[in-house]
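Now for the letters of each chain:
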Amino acid sequence: MGGSMFVAPDINYTALLPMIIVFVGGLVGVTVEGFASRRTRYAVQVPLSVATLVLALLALVLLGRDNTGITAAGTVAVDGVALALQGLVLVLSILGLLVMSERFGGEQPDAFTQSGVSTPGSAEETLAAKVGATTTEIYPLMLMSVGGMMLFVAANDLILLFVALEVLSLPLYVLCGLARRRRLLSQEASLKYFLLGSFSSAFFLFGAVLLYGYAGSMRFSDIAAAISSNVGMDGLLVPGVLLVTVGLLFKVGAVPFHAWTPDVYQGAPTPVTGFMAACTKVAAFGAMLRVLYVAVEGARLEWQPVIAVVAALSMVVGALLAIVQTDVKRILAYSSIAHAGFILTGVVALDVAGVSSTMFYLATYGFMTIPAFAIVALVRSAGTEATLVDQWAGLGRRSPWIAASFTFLLMAFAGLPLTSGFTGKFAVFSAAVSQGWAWLAVVGVLASAVTAYIYFVLVVQMWLGDPADASGTAVVRPSWMTSFAILVGVAITLALGVMPSPVLDLAQSTAAFLR
Amino acid sequence: MSFPWLTTLLVLPLVGALVVSLLPKGSALVRPVALGTALLTLAVGIGTATQFRVGGGAGGERFQLTEVYSWIPQFGVSYALGVDGISLSMILLGLVLVPICIVAAWDDVPAVGRRQHAYFALMLALTSMMVGVFAAIDVFLFYVFFEAMLIPVYFLIGVFGGSRRARAATSFLLYSLAGGLVMLVAVIGVYLAGPRGTDGFLLSNLTGLDLSVEAGRWLFVGFFIAFAIKAPMWPVHTWLPLAAEQARPATSVLLVGVLDKVGTYGMIRFCLTLFPEASQWATPVILALALVSLFVGAFLAIGQTDMLRLISYTSISHFGFIVLGIFAFTTVSQTGATLYMVNHGFTTAGLFLVAGMLIVRRGSRDLRDFGGWQRVTPLVAGALFVSGMSGLALPGLNSFVSEFLVIVGTFGRHPWLGVISAIGVILAAVYILVMYQKVATGPRPTGPDVEDVRDMSGREKWVVAPIIAAFLVLGFYPKPVLDLLEPAVQQTLQTVGISDPAPAVDTAANHSTEGSDH
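Chains as they are written, first to last, in the working numbering: chain C, 542 to 1056; chain D, 111 to 628.
This is chain C alone, in the form it adopts within the complex (with noise of 0.2 Å):
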């Protein structure tokens, strides 16, 4: 590398092949919100998003493995985590579309504006909704996005990371303006979202310059090998290191770059909430991963402590300001706050047990969060989604299957045993301690007891609580694709409770990087 004469690199299409359909796909989907007229659009966009994912997935499966290696002049890795973190994206996704595509048989409103660009109360909105006008460009968006997220996890090059990143981001910035109730409120979660992620990416951009400028790179290669020959300009290295690593916990929500979840969770239509924070995650966590086990490794005695106590913070302060919540929506937005904590003890660890349980948990978590949020937009007061938990009274006396269903993903997400969340937590807290980070097991394992409190106040709600407490909420009969969803996910958590063996041999087996 940086010879003179401009060499064209040598590029694996087959192994990017996933990518490449998923990006495909979305332009296909622009293309179809151009041509295609205002009544077919959904039928069209929501079957070519769904064979879009679909196809990527199996090539995916049947290419992937063959296809393994660095390529693409060093820039794109595509090993066994970033295989098994797209497959793992590719799924949450699947999933997520399907809950976004509800609409309840055009009985019940769904949970997109009519109209994103016109003003909340204006004339054109009024006006949109009497022509019946349906926002389908989330198809194409969430398409870019998870794009975006399956490069963000294979990216060997800071460069290459930074793109990924915003790719992945800009989508969802406007998909959280987009609910149909609440305009205002979405739209500002949109805004603070996209406002302070702009800082995060300036703050990545600029760790990323300042570790150019230690390894005159900006390769994860070039930059392990510049640190363990030692070049001594630690001035440049440990402030880059820090600053990148801000621009990745920034996307995970983790503690003190947090203060935009709980906003943007409650604001953003909520099946976009679910597949945000199941998706951003496993890619952020990817990102992270690869950064810190790959480029940063050498200089571990710099970050592994400020990320166990950014864990450590994580998971206290998510859990505390759980308590005190009476929205459902923020509650889980402080959970996953918390679980961005519990995540990062995984990644302290610094070994291939650091990596295997961090991608494990964030496969359960993925599984528990999208039927938790789709879950949530299915419960209803008068037409709008009935967050508050007062509203949620005798819920389990009314739809006792769909109680039931949240009540088990409650316990997931508390981490009771023979659910995924316990085999998860004992994943990632098993690699701290074998790794001598015994006190943040112990501040997890705390945090865990806290946050169960919050979700029992829930259940307790939901069972205890007296229906007529909440005479106006009822839950809203979905259609198969947020029952498969549910279904789907509730299954999966129960099985990598009772029988993760499976999983976690493969997560195992995938655990190593290239380097």
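None of the hints are false.
Simulated DEER-style distance windows between Cβ atoms: (1) C:1025 - D:317: 47 to 53 Å; (2) C:945 - D:565: 38 to 44 Å; (3) C:554 - D:317: 54 to 60 Å; (4) D:136 - C:1024: 24 to 30 Å; (5) C:647 - D:131: 34 to 40 Å; (6) C:1053 - D:114: 37 to 43 Å; (7) C:604 - D:154: 52 to 58 Å; (8) C:647 - D:137: 35 to 41 Å; (9) C:945 - D:485: 44 to 50 Å; (10) D:473 - C:1007: 19 to 25 Å.
Bear in mind the hints are in silico, worked out from the structure with no lab data behind them.
Please read these numbers as outputs of a predicted model, since none were measured by experiment.
Each residue gets a CB set at the ideal place from its N, CA and C atoms; glycine is no exception.
Take the given structure of chain C and dock chain D to it, following the hints.
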């Protein structure tokens, strides 16, 4: 491969729970199916007991009827079940009490909607967890059952309890969960200190580890906190009175009578066996806590006016006795403590269920609302008297033997502790007799609400009869149970590496001694 007795015991109630919950709405079969399942499980339990060789297996191994399969090899977890005398006796205690509780709870929940289905299905599910938690010989599997059994209890209290049930259920759950989660770190720690590998959580692989002194003590504390909360010991006992007061009596029996024994059982099985050095190191503190529990429980019981709270405080006092016996480290005291675990199950069952009968009749838990009830319902009052006598360890009834063994065994090592603990026996007489006096003695109450109160029904007789029979059998002929317990106790003490202080007391001669002053 021999017949999987323990797995059968584990699966049967679960199947029963499933059948019960699938019965159609308003079905009359809910209770019969639940009772039938419980009785069938008991029958299989007795069958299991006949397969157990008292005094050790053929090869002298610690656990019998073992079943070991790999479960999550990546974590080193096995599905491993097995019993020794202590765990077998606890399982049998549970299996005997479950059908009694189901009969006692027959009319607790009206057959409206599916509430009755849920009530009995939860009880059966709890039975299964109970078998699992005592039969697990893999530390991880034990932990799984330890936490999983919280869920049915939570719903039994939370959905079917009294007016403050939500608070009671939540405080029960949070206390137990907090303790359990602290134990989780210790569970991970002990695995990492062991040989690891794909079956690294097997108890046999973790016994006799060469732990550093510091590590052993930390891990011990991690386990002990969870068990102390479960038992419960002072000062982490505060969840119990609330839970017992709000739960249905049948739930309380299973909770206090059987599930709380997981605490003291865990101390023997895990704290002592895995961390012998740390156990001896912690003994002074634990003995002090046990004494405090014994007296605090007794004094608070004396001051109670709520019948169910009173009984739960007596349990805290009795758990103090049990912990005292365990940590006195003599064969006699530990045999007494383990026997006490069995006896206390029956005593509590008697007290809670009879109190439940009174409460249903009077519509109040307050002792001050009673008085003279031996003239209103002589049979119920009589049953309360007999249960109370068992609670205060009257010679000839079950608790006497165990309490006596604990005191004598403790005296052998710490004479002054033995003397002090004997005062607890006197306090027991106070709170039991005061309760009986307030409930039963005095002039016959008048008024419309006691006019048409009926004495014990046929169903209630079926509840009380087996309990009183157990009092008498265990009081007069405890030898079979002692024979079951003693080898297991000796093995535990061997692992800890403590021998009895000289002069050794011969256990066999002991329970025929009736001259002590009680």
